[in-house]
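Residue numbers (our numbering), protein chains in the order written: chain A, 1 to 334; chain B, 1 to 334; chain C, 1 to 334; chain D, 1 to 334.
To be clear, the hints were calculated from the coordinates, so they are not data collected in a lab.
One or more hints might be untrue.
Since the list gives no way to pick one copy over another, a pair counts as held whenever it fits inside one copy or between any two copies.
When the alpha-carbon atoms are kept at most 25 Å apart in a straight line, the in silico BS3-like pairs for lysine-lysine are as follows [claimed, not checked]:
1. K41 - K113
2. K62 - K81
3. K328 - K180
4. K326 - K40
There are 4 protein chains.
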Amino acid sequence: MLKTGVIGYGYWGPNIVRGFSASEGSAVKAVCDSNPQALKKVKLLYPQVEVCSNPSDLIDRKDVDVVAIVTPVSTHFALAKAALENGKHIFVEKPFTASIEEAEILIALAQKKNLIIMVDHTFIFTGAVRKIKELVDNGTLGDIYYYDSTRVNLGLFQSDVNVVWDLAPHDFSIIDYVIKNKPLTVTAQGVDHFNRGHENIAYITVYFENNMLAHLNLNWLSPVKIRATLIGGQKKMLVWNDLEADEKIKIYDRGVSVDDKEGIYKRLIDYRSGDMWAPLIDRTEALKVELEYFIDCISHNKKPINDGESGLRVVKLLTAAHKSLKEKGTPVSV
Amino acid sequence: MLKTGVIGYGYWGPNIVRGFSASEGSAVKAVCDSNPQALKKVKLLYPQVEVCSNPSDLIDRKDVDVVAIVTPVSTHFALAKAALENGKHIFVEKPFTASIEEAEILIALAQKKNLIIMVDHTFIFTGAVRKIKELVDNGTLGDIYYYDSTRVNLGLFQSDVNVVWDLAPHDFSIIDYVIKNKPLTVTAQGVDHFNRGHENIAYITVYFENNMLAHLNLNWLSPVKIRATLIGGQKKMLVWNDLEADEKIKIYDRGVSVDDKEGIYKRLIDYRSGDMWAPLIDRTEALKVELEYFIDCISHNKKPINDGESGLRVVKLLTAAHKSLKEKGTPVSV
Amino acid sequence: MLKTGVIGYGYWGPNIVRGFSASEGSAVKAVCDSNPQALKKVKLLYPQVEVCSNPSDLIDRKDVDVVAIVTPVSTHFALAKAALENGKHIFVEKPFTASIEEAEILIALAQKKNLIIMVDHTFIFTGAVRKIKELVDNGTLGDIYYYDSTRVNLGLFQSDVNVVWDLAPHDFSIIDYVIKNKPLTVTAQGVDHFNRGHENIAYITVYFENNMLAHLNLNWLSPVKIRATLIGGQKKMLVWNDLEADEKIKIYDRGVSVDDKEGIYKRLIDYRSGDMWAPLIDRTEALKVELEYFIDCISHNKKPINDGESGLRVVKLLTAAHKSLKEKGTPVSV
Amino acid sequence: MLKTGVIGYGYWGPNIVRGFSASEGSAVKAVCDSNPQALKKVKLLYPQVEVCSNPSDLIDRKDVDVVAIVTPVSTHFALAKAALENGKHIFVEKPFTASIEEAEILIALAQKKNLIIMVDHTFIFTGAVRKIKELVDNGTLGDIYYYDSTRVNLGLFQSDVNVVWDLAPHDFSIIDYVIKNKPLTVTAQGVDHFNRGHENIAYITVYFENNMLAHLNLNWLSPVKIRATLIGGQKKMLVWNDLEADEKIKIYDRGVSVDDKEGIYKRLIDYRSGDMWAPLIDRTEALKVELEYFIDCISHNKKPINDGESGLRVVKLLTAAHKSLKEKGTPVSV
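Assemble the whole structure, with the sequences as input and the hints as a guide.
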C-alpha cells in the first residue's frame, strides 16, 4: 500500500487525490495547500486525510512514501528537491521543471537516492495515444513524415506562463512517447495580444531527424475548441480528433508513392486511396491507468516511461520553443 | 464587347475560356496551347474560336484586346511582357510572377502603356471572402488579432513549384484584400519528403503591424481535405469552413476582455460567450463575378483591386516565405 | 426547508438524492431501496441520511414532507397513492403511471388533499427546451408545422418496458410543454427483434389539430447515438442537436410561402433562405432548475407546469402509441 | 451502336441525353419536348441530334432502337405503350408508372414483343448502394433487422405528385435491390401543410417477412438537407451518409446478442462494440454505370435487375403507401 501526500489542491490536485484514493494500491495520507478553502473541501470529502498549509510539514511525514507535486511549475524544483532529499518518490505535474538545469539536478538526486520520479504526462496513458503508439510501433503507419497538432480554445489564460508552457507539454510528451526520431531544431512564433507579458497564441515547428516535422498550433483565443492531430506516415495516415465521443482515431489507407524510374527531375507521384478504419479505443480513465502504473513502478523498482528523463526532454523542447518565440521565430537547436 | 485570347488550356484554362465565353460583355477569339489534344477539345466545344500553338501568334492578333495567361508561373513574365508591349490588357493566373523584379517591370510597363493588369485572385470574389471583407470593414469583428488558415489535402503534387507557391497565393491574396495591417516579417518551415526539390508541407507565419499574426498550414500529404480559417477579432471571432455546403461562415460573439484596474501584472481576463450566427453567403460563381468585374474595369478604365500591385504584394510574401523555408525558418523581412 | 424521502436508488435515484441534498431549500432525510448494496452507497456518501428497505417505513416518517418515487413505472401508483394518503407531496419519475386510470386517481387524490404532484419531466428544464419554448411562445418560429425527433442509440434494453415507454416520454413531455395544438390520433409501428415481448424499435406519428404532425424515431439498436429534433415553423425552422457541446439549437430563416394568386391548382411555391443563428443556451443542470422550481411550487402552493395533469397527458399519448403498436400501426384516437 | 430517342428534356432529361451521347455503345438520334426553349438548348449542344415536339414523331423513327421516357409519371404509360408497340426497347424514368395495372400491361407487352424495359432506378448503380448490396449478400451484416432512411430538404415541391411519389422511389428501389425479405404491409402518415392536394411531409413504415422493418422519413420542408440511412444487421450495422464526400458508408462492429439460457422472460442482452471501418466507394457516376449496363442488357438480350418487374414492385409499395396516407396511417397490405 503506497502512502502518498499531495501538495496542491487547485485545478488538477483534486483529481490526483481522488485517483490515489480510489486505487487499491495506494492511499492518501495528507494534503497540503496554502488556501484554507481548499483544505476545507479536502476534509469534507476525505475526513480521514490530514491537511496542512506548509509543504515541509507534508514532506517531513514519516507515513508518506510518495509526494505528489501539483503546483505551479515555478515551485516544482524546490518542492521536488526537498521531497527527494527526504527519501520520497515524487509524482510531478507537467511540465516537470521551469528549466533544464532544475530537471537535471532532480534526476541526478533521484538516481543517487534510488528514488523514482514520474512526470504527470497524463495524455500518454489515454486509450487514444496508446493506440497511436501501437500503430507506430507495429509499423502500421510506416515511417512518420509529420505530426501536426491543433490545440486551440477560448481561455484559460494562465497568469504565470504563456500558451507554450501551458499547452505544448501535452504534444511534446506525446511526441516524446510515440516518435522515435530525435528533435534537432525548434522555431516558434507568437503574440501577446493583451500586453500581459505572456503569449496567448503560438505556432511551434520542430525539425527531427529523417525529415520528420512536428507542428503545434496553440491558441487561447479561438472561438471554437479543436483538439485534432494529423500524423502522416509512409504507409498510412492517421487523424486523431480527441473531441469525438467515438471514433477518436481514424486510420486512412492513403498516401503517396514516388516512382524514380525517370530520374530525380521527373519523379512520378502515385496517390493511393483505400479504406478508412476507426479502431475501438480503450476508454479507461488515463489518470487511473497512469497511477496504477506508478504504483507498479515503485513496487517493482521499475523506471517509468514518463520518468525524469522524459520530463527533461519535454522541458528541453519547451525551453527551445520559448527562446525562439522571444526571438520572433529564429531557429533554436535542441 | 471585350475580345480575349487565352494562352494555356490545361487545368484552369478551360474555366477561363468558359467564363469569358459565357459573359455577355466578352468573347473568346483565340486559344493557344502547345498540346494539340487541348486544342482539339477547344474546337469541339467552341467551333468558332481559333486555335494556335505559338503564343506570339495569339499576342499579335489584331482582334484581341485582352490576353489571359493561364500557364505555369515561370512563363508568366515573358508572355505578359509581350502582351503589354503589344498593347493588350492582361489577365494573369496567380501567382502573378516568379519574382518581385518581374512584377515590378510589368507594373511599370502597364502604367506607361495605360493598360490594365488583373491577377486571377479568384478567392477574393467568392461570396465567403466578400462577406468576411464586409465584416472586417464595417467593424463587426473589431481589430483583427490573427488569421489562421489550414489548407491541406492529399496531392496534387506540382512538378515545378513547392506547396508554398501552389497553395499560399490563395491565403496571401485573401489577407491582402481583407487585412489592413502591413506585413513585417515572415517565417516558414517545411520539408520535402520525397527528395524532389520541392517542399510538400510548409508552415508560414507572418508578423503584421499592430500585433496581428497570420499563419498558414499547407500540406499536400494530408489524409483529409481541410479548408478552414479562424479569424480572431477583438469584438467577434469567425470560422470559415469552405468545405461546408451551407454555413461556410460562422461568427461567434466570443472573446476576451482585459481589465487593467489592477495594473499590468494583475490583468484580469474576462471571457465573453454569446450567440453564433451564420450569414447567408452569395453563391454566385467567383470566376463569373471576377470576369464581369474585369470587363467593367477595362470598359471604365478602373484600377482593379486585384491589379499588378496586389499581385506584387502576394509575390513579396511568397518570396519571403520561400527564402525563410530554405533557411529552416529564419525570419525574413517583407 | 423541504424534507424529502427518496424511494429507489438505482440508475436515476442517486441524481435525485444528490439534487435534493445540494439544493439550499431542501434536505434528504431518508432513502429507501430493496437492494442493500444501494443503501450502503447512500450511507457512504450521506452518513446523516437514514436508510430503509421498506417503502412504507419511509412514507410513514413524520420528518418527511415530500416523497420522491424513483422506481420502475409499474410501482409508481401504489407508492404514490400511499404517499399522498399520508399527506406527502410527491415527485414521481417519468412516465407518471402505467395507465390513464392510475394517473386520474392520483390527480384526484392530490387535489382532495391539496398536495402537489410533480412528474420528473427533466428535459423541459434544460436550457435547450426552455429556449425552444421561448422561440415558439414569442412567435419567432410562427405556426408549427411539425416536430420530428430521432432518439436512437445502442441499448439500454429495458427488461420491463418497450422502447416506447422508455424513450417516448422525453419527446411527449417536450411536445406537451412546447406545442399548443391538441393531439388527435396516434399511430405506432415497431418490432421486437429478440422475442422478448418488448419492441426495441418503434416509429410514432401523432396527428395534431391545425395540420401539425409529430414524429418519433425510437431505436435501441442503432450503431450511432442520435438526439436530433427538427421543428418546422411557418416563419422559421429549428434544428436541435442535443449531442452538440455548443450550438445545440440552430434557427434557420428558411421556409416556403405559397402564392395563391393563380388559384388552388396553380399555387406557386416560394423558397426563402436566409441566415442561421445559434443562440447561447443556458447550461445550468436541468435537474437543479427543476428541483428548485419544485421547492418553489411547494413553498408558494403553486401548480407546477409538470404536474399530474401533464403526466397524465403524456401517459395518454404513451397508451395510444402502445395500442397502435400492438395493432401494427392502426390509428388510435387520443 | 444503340440508337436512342429521348422524350422529355426538362430537369433530368439533359442528363440522359448526355449519358447516351457520351457512352461508346450508344448515340442519341432525336429528342422530343413540347417546350421550344428546351429543343433550342438541345440543338446548341448537340447540333447533329434531331428534335421534335410530338412524341409520336420520335417513336415512329426507324433509326431509333430505344425510347427513353423522361417525362412526368402520369404520361409514362401512354408513351411506353406506344414505344413498345412500335418495337422499341424502353428506358423509363422512375417511378415506372402511375398504377399497378399500367405496369402490368407494359410488362406483358414487352414480354410478348421480346423487348427490354429498364426503369431508371439510378441509385442502385451508385458505388454506395453497390457496396451495401455486396455487404448484405456476402453476409457481412448478417440478417437485416431494419432499414431506416431520412431523406429531407427544403423543396422542391412537385406540382403533380406528393412527397411520397417524389422521394420514396429512391428508397423503395434500393430496398428492392438490397433486401431479400418480402414486404407485407405498409403504413404512411403525412400532411399537406399548404392545401395543395399533395402531402409535403410523410413517414412510411413497411413490415417485411422475418421481423424486418423499413422506415422512410420524407420531407420537403426541412431546414437542412439530410440523406442518411441506418441499416441494422444481426452481425454488423451500417450508416450511409450520402452527403459525405468521403466515408459515405461506415460499418460498425456493434450489436446486441441475446442469451437465452435463463428462458424467455430473463433473456440477457449483451452489447458488442468494436471497430468501425469505411470502405473505399467507387465514384463512377451512377448514370454512366447504369446506361452501360442497359446497353449491355440489350446487346446480349439480358433481363436487367431494374426491369419492369422491379419497377412494378416499387409501384406496389408506392400505391400501398399512398392509400395508407390517405387513410391517416391505416395499414395496407402490399
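Practice task
Any hints from earlier that this structure breaks? Give me their numbers in increasing order, please.
Solution key: 1, 4
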